[in-house]
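Asker: The listed protein sequences derive, respectively, from chains A and B. Numbering-wise (my numbering), the first sequence opens with residue 199 and increments by one. Numbering-wise (my numbering), the second sequence opens with residue 802 and increments by one.
In short, the hints are calculated from the structure, not lab data. Glycine included, C-beta positions come from ideal geometry on N, C-alpha and C. Accuracy of the hints is not assured; some may be wrong.
[What the hints assert, rightly or not] Sample of chain A residues at the chain B side, in silico, Cβ under 10 Å:
#, residue
1, 317
2, 451
3, 485
4, 487
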Amino acid sequence: MMRRSIWPALLLVILLGYPFVFSTPFQQRLGALVLLYAIAASSWNIVGGYAGQVSVGHVVYFGCGAYAAMGAYAHFGLSPLVGLPAGIVLAVAISAIVGVPTLRLSGHYFSMATIAVAELIRLVVTNTDYLGAAVGLSGPTVPRNIFDLSFISALPYYYLFLAVLAITLAITWWMTNSRMGFYLRAIRDSERAARSLGAPASRVKLYAFMLSAGLTSVAGALYAMMFGFVDPESGLGILISVKILIMAALGGAGLLFGPLVGAAILVPLEEISNSLLGGKGAGLTFVVYGAIIVLIARFQPGGILTLIKRQLERRAGPQAKDAQAVATGAGHAP
Amino acid sequence: MSFVLVQVIVGGLLLGAVYALFSSGLTLVWGMMNIVNFAHGDFVMLGMYAAFVVFTLFGVGPLAGVPFATLLLAALGVVVYFALIRGIMKGPMLAQILGTFGLALLLRYSVFWWFGADFLSLPQNIVGGTFAFWGLRIEAARLLAGVVALVVTLGLHLLLTRTALGSKMLAVAEDATAAQLMGIRPDTMQAIAWAIAAGATGLAGALIATFFYIVPTVGETLGIVAFVTVSLGGFGSVPGALLAGLLIGVIESLSGYLIGAVYKDIVVYALFLSFLWFRPQGLMGKT
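If we strip away everything but chain A, and leave its shape as in the complex, we get (with noise of 0.2 Å):
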């Protein structure tokens, strides 16, 4: 027990004392930055990692989310807080809409389908004046008290997003350990023989992908708070959902802490080479990222926690595997 227990805890310890440590506000911005990602990427995990479902259309619900919260102050004068659960709800109820004629579309047609749902979204509210068409819109320039969540300090975001992260993975920890969460794992393994012994499996999908719609927009919504903005291209951009998905691949799919790993690494990899390399550095960055989804698809499809799993499992023999799987989420049957 004392084993399972120790490596999340140890995790915690450092996340909690990071902005201590490392107190310059470029490095609490990157490690807010880093936090909010691992949200985002989490919550594609659960649809992503644990049911196979490769969603790269994710950007909507993360839309839904940062549009709801800064709608909910251009259109309504409120604090962007508000707009968070309407974001969830928006989220969630597109994703159902999606996702009863998509998931029946196996594999490459569910990514497609999810693509050009995307950018058919991306374009119909690029052409939408409600919604700020290609400007956008703006969150409050001025904070009027605490509840419109606008800092110039990233240390409240950065303690707000650890909570947030907090709840995602306790969330997703929570369903893999229930029985939807085998019913997914069987359901990636294959789903003809999950359904011949009896998995709902339409069923379950879908509220996977619905969960995990929901939690993207939360993310959505911490994004613009923090930016104070949103428009068609941050909030909507295909690149979005191709960051989320491949920190969450990078770390490691379907494991627990996968997507945090990932955002670990990459987010800093992008902000360091955008303030050395300035406006040219942008390409730069993907291609970098591009080179390195291609090494992870060709070379090591279960991504860096995988790696590091068997190897400490080669090293440490067969005693110490209880605590890794634990460590990284593919935990036992209760």
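Assemble the complex: chain A is given as a structure, and chain B must be docked to it using the hints.
Answerer: Chain B alone, transformed into the frame defined by chain A:
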């Protein structure tokens, strides 16, 4: 029917033939290996830049640029097959999707990094002026692109159905192990398929470079056009891709003309989704 409408339809058909050409490449590798190349549109983009580079460096037009882009992309196709596709083909679905998706990003942003995000274009009259047939005005560049694309797509269909090479490729698609027992090397056939598929994108890219805007992200739109074409025409069917390509070209032109240019992509995406939902097997394909 009004005269402008005829003009719009003819323009759509000519562009549609080019869509059909590069979509045939996508449908070929898809049907043969069950691999979806998410970098397909970016291959077309590379073909466009290849034609652009040939022009800026040597000052020669499509006559040199088109063969160069075709050969370059065909070579790239073989490299991609051996370096990446062969390794991920038998892997998990996530690896397959990530592999070609990563390739798309790598190509798109390498070009972005090198050439910048500016819209480039070739000189307007590089192919010749504008023809007039019975009052229809057609740019020579579009006419050339459409006719060449149509001929090559038909040639590709004949190659696949009427030659020994085509039969061998079909045999590998049906059952790689059985084909191997008959003395056909699946690796060679699949590499040839990738060379053809990528070569077709290079050719198509160099052809549309004469009248299309050239920008690193053009591959995203063109890639989706290829997906729409393939899903409409049926996965693995070249005649299906031809018919669907022409149809999409016309639908795109008509909706651009009737509703407005911004909405033409929306119409194409919506069409794609409705086809995936209601008729996943396409117009002519098997399931």
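Asker: Please go over all the hints and tell whether each is borne out by the structure.
Answerer: Evaluation of the provided hints:
Given the 10 Å rule on beta carbons, the hint for residue 317(A) holds: about 6 Å separates it from the nearest Cβ of chain B. The beta carbon of residue 451(A) is positioned within 10 Å of a beta carbon in chain B (closest approach about 6 Å), and the interface hint is therefore held. A distance limit of 10 Å between C-beta atoms decides the matter here; for residue 485(A) the minimum to chain B is near 5 Å, and the interface restraint holds. Interface restraint check for residue 487(A): the shortest CB-CB distance to chain B comes to about 6 Å, inside 10 Å, so the restraint holds.
Taken one by one, the earlier hints all hold for this structure without exception.
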